[in-house]
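K.L.:
Read off the chains here:
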Amino acid sequence: DAMVIQNPRYQVTQFGKPVTLSCSQTLNHNVMYWYQQKSSQAPKLLFHYYDKDFNNEADTPDNFQSRRPNTSFCFLDIRSPGLGDAAMYLCATARNQGQAGGYFGAGTRLSVL
Amino acid sequence: QKEVEQNSGPLSVPEGAIASLNCTYSDRVSQSFFWYRQYSGKSPELIMSIYSNGDKEDGRFTAQLNKASQYVSLLIRDSQPSDSATYLCAVRRSGGGADGLTFGKGTHLIIQP
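Order-wise, the sequence lines are chains A and B.
With the numbering used here applied, the first sequence corresponds to residues 189 to 301, in that order.
With the numbering used here applied, the second sequence corresponds to residues 37 to 149, in that order.
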């Protein structure tokens, strides 16, 4: 059974139209991460939550926001998607900080028209 | 900027041979290292983790770590066509509140039947 679930698997949005990607986990892990992976590039960490503490990477654009209403769910909001935001968005979890490495969701492929 | 470097390939290996994948990293204090397999359009799948200098074997896979040289490698014995994928090297981030993984761009491996 999938332990890190991302919805939807494929998302098409229009240039400038806000979009939300969802991640849920059944592992009861304290840490949730969002990575962005563009074609033929390395996954790049956007931000992570340790419990309710939000940690933004210095070079993550302001256009990207995140919410974690409870332990199980984490959302990635893209306020005004541009063509350059088309990518695979990967959610991952870890039991605690400093334990990253292991549980990735299937990803959401975002297309921007 | 702490980096992880991999040869992007493609690396072409005959079926049944040993595939050797290499990775270097820049952060000397890194302690945890991972190899992921990523099929086209899919999310990364963890295949090996290594934390101590030396070799770690799991089935057909062997990870090798040399912290003095800041070098990690992955050997795949008896390569199969199903091993054809992109292999991502990742280093766990640490220090200064950092968390998550820094990935290399990956090596595209092709196993020729």
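Keep in mind that the hints were calculated from the coordinates and are not lab data.
There may be inaccurate statements among the hints.
To be verified - Derived contacts from chain A toward chain B, CB cut-off under 10 Å, selection only:
no.: 1; residue: 196
no.: 2; residue: 204
no.: 3; residue: 235
no.: 4; residue: 263
no.: 5; residue: 283
no.: 6; residue: 292
no.: 7; residue: 299
From a predicted model like this one, the values you see are computed outputs, not experimental measurements.
Backbone N, C-alpha and C fix where the C-beta goes; we use that ideal spot for every residue, glycine too.
K.L.:
Take the hints in turn and mark each one as holding or not.
P.N.:
Each hint tested on the structure:
1. The closest approach between the C-beta of residue 196 (chain A) and any C-beta of chain B is roughly 14 Å, which is over the 10 Å cut-off, so the hint fails.
2. Given the 10 Å rule on beta carbons, the hint for residue 204 (chain A) is violated: about 26 Å separates it from the nearest Cβ of chain B.
3. At about 9 Å, the closest approach between the beta carbon of residue 235 (chain A) and any beta carbon in chain B falls short of 10 Å, and the interface hint on this residue holds.
4. Annotation: interface hint on residue 263 (chain A) violated; nearest CB of chain B at approximately 18 Å, more than 10 Å.
5. Here the hint on residue 283 (chain A) is broken, as its CB sits about 12 Å from the closest CB of chain B, past 10 Å.
6. Here the hint on residue 292 (chain A) is kept, as its CB sits about 5 Å from the closest CB of chain B, short of 10 Å.
7. Residue-level restraint check for residue 299 (chain A) is violated (minimum Cβ-Cβ distance to chain B is 13 Å; threshold 10 Å).
The structure fails hints 1, 2, 4, 5, 7 (numbered hints given earlier, in ascending order).
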